[in-house]
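Asks: Let chain S serve as the given structure and place chain Z on it in line with the hints.
Protein sequence lines, in the order shown, are assigned to chains S and Z. The first sequence runs contiguously to residue 114 in this note's numbering. The second sequence runs contiguously to residue 224 in this note's numbering.
Think of the hints as simulated: they come from the structure by calculation, not from any bench. Treat the hints with care, since some could be wrong.
To be verified - Cut-off 20 Å, straight-line C-alpha distance, at most; resulting in silico cross-link-like pairs (SDA-like, lysine to any residue):
1. Z:Lys184 / S:Leu114
2. S:Lys9 / S:Ala50
3. S:Lys57 / Z:Asn209
4. Z:Lys219 / Z:Glu155
Stated by the list, open to error - What follows is a set of in silico ranges between Cβ atoms, one per label pair, in the way DEER data are often shown:
5. Z:Thr176 / S:Pro8: 35 to 43 Å
6. Z:Glu119 / S:Pro61: 22 to 30 Å
7. S:Thr15 / Z:Thr134: 37 to 45 Å
8. S:Leu114 / Z:Thr176: 39 to 47 Å
9. S:Asp38 / Z:Thr176: 24 to 32 Å
10. Z:Val158 / S:Thr96: 26 to 34 Å
11. Z:Thr134 / S:Ser112: 17 to 25 Å
12. S:Asn28 / Z:Ser144: 24 to 32 Å
13. Z:Val142 / S:Ser51: 40 to 48 Å
14. Z:Asn132 / S:Asp107: 36 to 44 Å
15. S:Gln22 / Z:Gln128: 38 to 46 Å
16. Z:Thr198 / S:Ser51: 32 to 40 Å
17. Z:Asn132 / S:Thr20: 41 to 49 Å
18. S:Glu59 / Z:Gln128: 24 to 32 Å
Said to hold, decoys possible - Sample of chain S residues facing chain Z (criterion: CB under 7 Å; computed from the structure):
19. Pro39
20. Met41
21. Gly42
22. Trp98
23. Pro102
24. Asp107
Just so it is clear, CB atoms sit at the ideal spot from N, CA and C, and this is done for glycine as well.
These are the residues of each chain, in order.
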Amino acid sequence: NAGVTQTPKFQVLKTGQSMTLQCAQDMNHNSMYWYRQDPGMGLRLIYYSASEGTTDKGEVPNGYNVSRLNKREFSLRLESAAPSQTSVYFCASSRTGWGNQPQHFGDGTRLSIL
Amino acid sequence: TQLLEQSPQFLSIQEGENLTVYCNSSSVFSSLQWYRQEPGEGPVLLVTVVTGGEVKKLKRLTFQFGDARKDSSLHITAAQPGDTGLYLCAGPDSNYQLIWGAGTKLIIKP
Numbered sequence: 001n002a003g004v005t006q007t008p009k010f011q012v013l014k015t016g017q018s019m020t021l022q023c024a025q026d027m028n029h030n031s032m033y034w035y036r037q038d039p040g041m042g043l044r045l046i047y048y049s050a051s052e053g054t055t056d057k058g059e060v061p062n063g064y065n066v067s068r069l070n071k072r073e074f075s076l077r078l079e080s081a082a083p084s085q086t087s088v089y090f091c092a093s094s095r096t097g098w099g100n101q102p103q104h105f106g107d108g109t110r111l112s113i114l
Numbered sequence: 115t116q117l118l119e120q121s122p123q124f125l126s127i128q129e130g131e132n133l134t135v136y137c138n139s140s141s142v143f144s145s146l147q148w149y150r151q152e153p154g155e156g157p158v159l160l161v162t163v164v165t166g167g168e169v170k171k172l173k174r175l176t177f178q179f180g181d182a183r184k185d186s187s188l189h190i191t192a193a194q195p196g197d198t199g200l201y202l203c204a205g206p207d208s209n210y211q212l213i214w215g216a217g218t219k220l221i222i223k224p
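Chain S with its partners taken away, still in its complex shape:
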C-alpha cells in the first residue's frame, strides 16, 4: 500500500521556469492538499481539494495553480518560479475535508529555485 506518492523528490529550477509537481493517493480519499514547509514556519496550506472537481485557495496560493485530475491525483503547478518558492512541498490526503480527519502525507518534493 503506497499511500501518497509525490514526484519528483528533488528538483532545481532557474527563476522563471515552470514545472508541475505530481501527487497520487491510493486510499480512496476524497480530500487532497498541497502544503509548503519552510524552516521555523511549520506547514502552510497552498491549495486544497475537498472533493473531486473542486479546488480552493489556502493560506499562500499566490504563484501556484492546481488541478484535481481525478479522485486519485492532485497536481501543483508553478508557472514562473521565483526564489521565494524554494521550499519543501508536501501533498496530503484525508478521507473527508473535515478538519478533525487525519491527513496522510507523501515524502515531499525538495525544490530549489536559483
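Replies: Okay, now just chain Z, sitting in the frame of chain S:
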C-alpha cells in the same frame, strides 16, 4: 486568526530523560492532532485529542488536551533515540482546514 504556538522550538536531551512539549493557542479548538516528522519524510499522525481534559497514551508518549481546549501537551517518559524528530500540533480552523504549529525539534542523544 487562529494560531498554534509550540514550545520549545528545539530540545536536545540524553536518552532516558523525561520531557514535555507544549502546543498553545488563545483560541478554542474542537480537536487537536499531534504528528511526528522524521528527516526526509512527511508528518505521520500520532494521536487526535477531542475532549477537554482528555489524556491519551501511546506507549511512552502521553498526550493531554487542556480543559478549555486551547492547549495541549506531549510528555515523553524515558526518551529513546527513536523518539528523535519534529513534533507538530495541528487543529481545524473555522473553514475546517488544519492550521499547524511551527513544531518542536527533538533530539535524543544516546
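Asks: Now tell me if each hint is right for this structure.
Replies: Status of each hint after checking the structure:
1. Restraint check: the Cα-Cα separation between Z:Lys184 and S:Leu114 comes to about 41 Å, which exceeds 20 Å; the hinted pair is violated.
2. Taking the CA atoms of S:Lys9 and S:Ala50, the gap is near 25 Å; set against the 20 Å cutoff, the hint is violated.
3. Restraint check for S:Lys57 and Z:Asn209: the C-alpha separation of about 11 Å stays at or below 20 Å, so the hint holds.
4. With a C-alpha separation of about 14 Å, the suggested pair Z:Lys219 and Z:Glu155 falls inside the 20 Å cut-off, and the hint holds.
5. In this structure the supplied range 35 to 43 Å holds for Z:Thr176 paired with S:Pro8, their Cβ-Cβ distance being about 39 Å.
6. A hinted range of 22 to 30 Å for the beta carbons of Z:Glu119 and S:Pro61 is consistent with their spacing of about 24 Å.
7. Evaluation of the 37 to 45 Å hint for S:Thr15 and Z:Thr134 yields a pass: the beta carbon distance comes to about 44 Å.
8. As the Cβ distance of S:Leu114 to Z:Thr176 is approximately 45 Å, the hint placing it in 39 to 47 Å holds.
9. A hinted range of 24 to 32 Å holds for the C-beta pair S:Asp38 and Z:Thr176, which are about 30 Å apart.
10. For the pair Z:Val158 and S:Thr96, the beta carbons lie near 19 Å from each other, so the given range of 26 to 34 Å is not met.
11. At roughly 36 Å, the beta carbons of Z:Thr134 and S:Ser112 sit outside the given window of 17 to 25 Å.
12. Separated by about 25 Å at the C-beta atoms, S:Asn28 and Z:Ser144 satisfy the suggested range of 24 to 32 Å.
13. Z:Val142 and S:Ser51 have their C-beta atoms about 27 Å apart, which leaves the hinted 40 to 48 Å range violated.
14. For Z:Asn132 and S:Asp107, the hinted distance range of 36 to 44 Å is not satisfied, since their beta carbons lie about 31 Å from each other.
15. A beta carbon spacing of about 42 Å between S:Gln22 and Z:Gln128 agrees with the range 38 to 46 Å that was offered as a hint.
16. Between Z:Thr198 and S:Ser51 the Cβ separation comes to about 37 Å, which falls inside the hinted range of 32 to 40 Å.
17. With their beta carbons about 46 Å apart, Z:Asn132 and S:Thr20 fall inside the hinted range of 41 to 49 Å.
18. For S:Glu59 and Z:Gln128, the hinted distance range of 24 to 32 Å is not satisfied, since their beta carbons lie about 38 Å from each other.
19. Interface restraint check: S:Pro39 against chain Z, minimum CB-CB distance 9 Å, threshold 7 Å, status violated.
20. Taken as an interface hint, S:Met41 checks out: its beta carbon lies about 6 Å from the nearest beta carbon of chain Z, inside 7 Å.
21. For S:Gly42, the interface hint holds, the least distance from its beta-carbon to any beta-carbon of chain Z being 4 Å, beneath 7 Å.
22. The beta carbon of S:Trp98 is positioned within 7 Å of a beta carbon in chain Z (closest approach about 5 Å), and the interface hint is therefore held.
23. Hint status for S:Pro102 relative to chain Z: holds, with the closest Cβ pair at about 4 Å, below 7 Å.
24. With a least beta-carbon distance of about 5 Å to chain Z, the hint placing S:Asp107 at the interface is held under the 7 Å criterion.
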